Every structure is written in structure tokens, then in C-alpha cells.
Amino acid sequence: MPDTTPSFEARLAQARDTSLRLKRAIAQVIVGQDAVVEQVLWGLIAGGHVLLEGNPGLGKTLLVRTLSSCLDLRFSRIQFTPDLMPSDVTGTNVLVMDAGAAGHGGRFELHRGPIFGQVVLADEINRATPKTQSALLEAMQEHAVTIAGRRHALEEPFFVLATENPIEMEGTYPLPEAQLDRFLLKVSVPIPNEDELTEILARTTGKPVGDPARVLSQEDVRSLQALCREVAVAEPVLRYAARLVSASAPDAKDAPPLVRRAVRFGAGVRGAQSLVLAAKAVALLEGRAHVAFADVQKTAAPVLRHRILRSFEGEADGVSCDQIVHELLGVVPTRPEAVERAAQGG
Amino acid sequence: MAAPADTEFRRAFQGSFAGFAARVRRRHALRHALTGAGFGLALGALGALGLWALRLGELRPFAACVGVFGALVGALWAGKRRWSDTDIALYLDARLGSSETVTTALGAALSGSQEAALSHVLEQANDVLGKADAARVKPPLWARWHALAPLSVAAIATLSLIALPPAPKPAAQAPGADSVRIENLKGLERIEALAALRGQNPEQDARLKKLAEQARKLRESLAKGLEKREALSEIAKLRDGIAAERLKLGDQQNRAGLEAALSAFGTNKSLQQAQKALGNGDLTAFDEEMQKLANRAEVSDRRAAKEALEEAAKEARAKGAKGLAEALDAQRRLFDKREAHADVLREFAQAMRGKLSAEAEQDLKEFGRSGSPRAEQSLSKGLEQALEGLTPAERKRLAERMQKQLQDNDGEASPMSKQQLEDMAKKLSSEAGVEALQEQLRELAKPEQSDDAQRERGLGDADRGGSAAERGLGAVPIPMSGDPDPGTGQGTPGSPGNTDKGGTPGTGSEHDKGTAEHQGLTPPVAGKELRSKAEPRLMAGAPMHGATLGRAPARAGETANQVGAGTLGEARQTEVGAVDHADIPEEYREQVGRYFEP
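Residue numbers (our numbering), protein chains in the order written: chain L, 1 to 346; chain X, 1 to 598.
No wet-lab data here; the hints were simulated from the structure. Bear in mind that the values here come from a model prediction, so they are computed numbers and not experimental data. Wrong hints could be hidden among the right ones.
Claimed, not checked - On the chain L side, residues computed to face chain X include the following (Cβ under 8 Å):
1) Glu230
2) Ala232
3) Ala234
4) Ala292
5) Ala342
In this text, a Cβ means the ideal position worked out from N, Cα and C, and glycines have one as well.
Construct the complete structure from the given sequences, taking the supplied hints into account.
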């Protein structure tokens, strides 16, 4: 029987083509924010969750809704508020009375919460209490929820996109570092420039535009995620990722002075894993079957920025996590010094 | 089992990568060798410069060998720091901009994995290497510092061809390092004369002979040629040796005895000069004073001198000053002999009264009054002349007169004198006897010194000889004890204004009551300038506490020797004789003492 499995090259080409189509479909609704869209796709392809951070009204929620429209995945949204209960996220067993049983003989029936969606938008995640946040974050990690002592697996692909507002911190519950670590990427949503804003105004103040067409099926998403795992990484690239993450710890031997001064805790093992996975997604989106140093460098900021805990001195000096990551990229060499010097022609 | 295509990609990649790797490594090694040669030649140029400066002209071209050595070191260094395959793959990726395709493919080729992605990467890497421009991926060969090589070669060549710098002037010789050659250094013969001197004991005899022998050897060495400083050092050693042999009456062992002995001489005014000489530790002067006392006509003076000598010897022995006691005993024995000689001369002269010249008569008076050895010699000569002019009849009458004198003075003259006078009276009877008598008179006039005085005189003479030898070598001699005048080597006369005549030269002290003939003036000092002068304030103002005979309670080079308060402040018991008690080498003590000797 002939082998109908497409070749690797075909799958690679198809992945690139699909991602381009997806970006184009999103671009029909979202103006600009190419980098944000790109990074959200890294998260989707790498099988991780993404935390979107930006000021109100920058299109975070719209982006997620548009993405879910492009994917043939079940979408659900949870608006996090301080009175939101964990069961509001996970669902609960409700007593259902049987009409024929005449007053005796009821049964519990599971009412699934919004977490059972495939693309879950956790809006304003930092407004819910830690207990509720914890219910979501457990599901993110385990891809399963436990209700009334019974474990319920979540349907794959399972992709959480959370948003948070860096201003209006009054009455919020900032996510602890351990829970932030569950997000593969933390994407900063920038303020659109004049051209982008003009285009947004033109699009949103006229006739409503319909939802974009579905581009990817569930199977396509699973295939992309599987292909991402197949992308090859050379040992020097892995070592580079490891060196970057190691140097983010202030007590590390190779830590730059800024890290020693401004960082309290650096990224951990999960950070390094996330760095490589995200780099693989980048390589895949660029149609490569292997990771380059540049891929690691490109993903370093969104992967590490929420995993680096600044010290009091760092915060007081106004040193941002992005500055620290930039410093790390400048200090940690990709190649041995002699090789780098020769490559530069010196 | 690997798919055929995969194997083909793998093999193709390995082949092309090996080719690139070899080229990269070759150039890498060559670059290091050039670097080594450059720095080696630079080092060689510095070496050539050094050789040129050191005037080692013939070695200059060989400095280029350092460059060859440097190239070898560079090549070895390159071998040691050889790039790994991964390094080369990273280098190729960086040069070709291939996003780590070659590096990933190398890992895939080495792992042997058959994953589809790796096969794809291998295929891409083959494509990248196949399209790669060999010239583009060549590592750089030349560096800025490689310019050192031709510059250094030029420098070495230049330094090898130019003339050597002029030879440096030889360093100046150290002071005294110049060699001297003197056939017969004046002064050394006086040290050699120590061999004939009689020591206190056989051990001292041996030491004196050894000093004389050393002086002889030094004279021979100087005749052959010797470094001046070495010669001066030898002379200084000889002088130290001589100083060590001199009798030290004032040292710790003899001091108490000396003090006691001096008190024995304080009973009679006629013994004052002798006491002073003994107090100064000058045995020669003391001997001369004893000679004068023995020559004197006054019996009481002589008796007092004898009693003082006996008492002093006894006291000195009691205080443990054995050497001093022996010296005083010897002086006592000699005193009798001298006294007898003086008696003979005096009695004979008395017998010759009337036949003597006026000058001889004056000498006789002077001899009886002062006991001066000069008067003794003069009297002896006068007696000889008087004897020559006597007729046989007169000689007979003289003999008779002498017999009568002996009978008249029975009991006064010593038995030894009587015997001698009888012999002399007998000799007057014949011509041959007269000649023998004249000879006897000459012998009597010769001064007879004690052994200690002779030795001290000889040692003093030897020391002055050493001083003269030092001057002969152009050095300034250090004043030594008993060295009366460093400039002349002769004793300076006594203080101005003293009209005494016929005395021996004094010691130069202003308190000296010497009787030298100086007509109220001292001769000019032969020294070029005043070398040193100790002016202790010991005698300023009131007499010092417990001072005896005008001597200070402390001597030059020593510490206090009496307990109590004086000009210098309070001297406590522990400070008395501190220098003597201190653990200071004798040689050094002597040098310091000599330096501070006024």
C-alpha cells in the first residue's frame, strides 16, 4: 500500500503557508500589531499559553476573538472579576430533579465551565482573586480540571490567552511569579502609531466587518504543534539558550553587572524550555527545520520578561525586564570568542 | 536502516564539510605561526638591541632565530587551540549567513539520527556548502601585528650592520684598592725588633716573635706588591697585637691594685713624680723616676723609695694585681743594683775630688741632688778623663784615699759597692787596671732599665714604627697609648715656663712637670692639622669628687670608676666600670680607647 503521508518538506511548506494565511486573516480585523500577532502564533504553535499585557482599548480581546474565529476551535471567554469563583471557571455539579420520579430521585449533572473551551480568553486575569486565578492556572498546567473529586481532561488543543492591564492596579491581584511561569510568553501590546490608528478608525467606524473565515482546523493546529516539536536544534544553540537563562540569575558566574544589581531571581528550567520551544515555533513559521541563534534571540524578551523578578534596587532604578533581557543578549556570546572574531574578519 | 537519500546527504555533507574544515584549520594555523613569528622577531630585535648595547656584536644576527622559534611556538599554539568541528561549523554558518544550518547538520551527521527534519537540514547544509564561495569563507590570515615581522627583520639587520657603541669607561677603583710596591717600608723594622724583646713569660715571647714575623712577611709582601688597603689592614692588625701586649695597669684586673699601690707612693714628696708615672700606667717613665731616686745621694729618699716599692707591691698583690706586683718587685730588685752603681760612682768621684774638672764637679753635685741619668753619664765621662791625667804616684794616693774612705764610711755603703770600690782601688795600681777601670766607669754610666720598662719601651717603639709605616702608605695613623706625638713620634717637652733642665721629655700634658730642655717653648707639632682633641669637662671648675692626682673619675673610652656625684652627674654602682664589665671584644675596646685617648 503506497505511503500517503506527506513528506517533511511538504509539511514544512504547508505549515508556512497556513501560518501566512492565518496572519492574513487576522490582519483583516486587527490593524498593525504584527509582532503581537506573530508572538501569539508562536504560543499557539508551540502549544503554550500567552499572557497579553497592554493598556485598555488596544485590541487585546479583539485579537483573541479574531484568532478564535480563524481557528476551528471552541472559544470561551471568562471575564475575571473579584467576585468570580473557581467553580465559575471550572464548572460544577448541579442537582437535576427527574420529573418522572415525583419528588424523589434526583441526580447530579456536570455543568462545564468556560475552561472547557479550546481557545479560552481569560480577560483581566489579575482582577480575580488568587483562588480563582489558581483554578485557571491549574487547568493551564495540567490540561485537566478536577470537579467534585473527579478529573476531567480538557480537549486538545487547549490554548489560553489571558490579558491584563498594567495600569489601574487598584483592587487587582497581581499574578505570583510561579503562576506567571505557566505562560509560555508574555506579549506586550504596544500603542498603535498614527497610520495604524487612522486605519483602525476607518475600519471600525463604518459598516461592521464580518468575522474572518476559518483558516485552520483542529487537525491543522495539532499537526502544526507536532511539526514544531520535530524542528531540530543544534547543541550550540541549546547551549546558548541555557547560557542566556543561566546568566539571568544574579548569583551566576557569567551574570552581567546589571543582572547582579537589578535582578532578584532569574528564569528557571521552564524558562529555558519555553525559550527553545518558542524558537522552534519561530523557525517553523520561517519555514526552517532547525533553530538558529537568531530565533532564540527573537523570542528571548517575550519568554523571559515575566520570569525575571527584579530586585528592590532594580525596581527603584526603573530597570525594566526588557532592558535586562537586552543586556543578556548583548553579553552572552553565541559562538566561542575566537570563532566570533574570525567570523567578523578580525 | 537509513534511507538511501539520507545516507547520500550525510556522506556528501561530511565530504564537503571536511574540505572546508581542512582549509579553515590550515589558515588558522598559518595565522598563528605568523603571529608567533612576528612577536618572536620583535623579541629578537630587542635581543639584538641588547646584544648591540652589550657589545656582543657577533651574536646579533642570531637574534633572528628567535623569530623562527616564535613561529614554531605559534604553530604549536595553533595545534593546541585547534578548532573543533563544531567551531568550524559555527564559523561557516556565521560567514555564510546560513542560520546555523551547517551546525545543525553537523550534529545530525554525527548523531546518525534519521529524523526527517535532520535529513532536511542535511540536504539544506549540502546546498549551502555547495553554493559557498571558498574565498568568502577563508578565515583572515593577516593581522596588524604581523607587520612586526618585516619591521623586526629590518631592525635586526640594521643592528647587525651598524658599528658597536664605544666601550664604557672602566669603573673607578674602590678606595685603597690600588696596589703599592715598597722595597723597605720604614717603620716595619721597629716591629721586627720585637723578636729581640724579652717577654714576661714564654707565651709572650712567642707572641712577640710572631708579631715580628708578621711584620717581616708584610715587608716582603710589600716588596712584591700588595693592595694598599690590605697592607694598611695588616699594619692595623700588628698595631692591635702590639697594643694587646702592653702592660695595662688600668684595666679591670689591675685597677684596684694600682690604686692601692699609688697610695703607697703618696707618703713622700720625693716620690710624687714616680707616683704620677705609675698612675699614668707609664712604666718607662716610672722606671726613669726610680732610676733617679736610686741615683740620689740623699739616703732617706732612697729608703723611702724602697719602702714605697715594697709596700706598693704588697698592696697590689693583696688587691689581685699580680702583674703590677711582679713589676714592682722587679723594680725593687733593680733599685738595689742601681743604688749600688750610684754609690760606686759617687764614692769614686769623692775620691777623685781635686782632680776633677769644674764641669765634673758640677755633674757630681747634680748627680747627687737629682740623680739625673744625664748627670751620671757626664760624671762618668769626667771621671774617665780625670783618670787619664793621673800619674802613678797620684793613682797610688787615690787608691789609698779610697781605702780610707771605705773605712771611714763603714756601714754606710752597701756590700756590693764596697766590693766594687776595693776592686777599683786595686786596679789603680797598674796601667791595664786603669783601662779596665775606665771601661767599668763607662759601664756604670750606662742606664739600666727594668725588664718591664724595656719591654714597654720596645712595644712603644714598635707601635710608633707601625704608625710610621701607616704614614709611609699615605694613611693617617690612629693615636695609640704611649704614642706621645702622632706627628713626630717624639715626646713633647713639658709645659712652658718650667726652667728645670736635664730632665727627660714630658708626656705633653699641661700638668706635666717634666724637666726637658725646652727654653720655655715647645717645638712646633709636625702634624698637618689638629686631628682630634678630647676636651672633657671633667676638670672644669671645682675639683672632682674623689679625684686623685688630678685624674678624672673616668678615663677616655671608659665609664665612671667611682660611685658618687660629679660633673658628669651621678654615677651609680652599676655604672662603675661598665665598659669593662660589658661584653665588648677586647680588640674593639682597644680601638675605642685609642680613639678617645687625649
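Hints, verified against the model:
no.	hint	verdict
1	Glu230	holds (5 Å)
2	Ala232	holds (5 Å)
3	Ala234	holds (4 Å)
4	Ala292	holds (4 Å)
5	Ala342	holds (5 Å)
Checked against the numbered hints listed earlier, the structure breaks none of them; every hint is satisfied.
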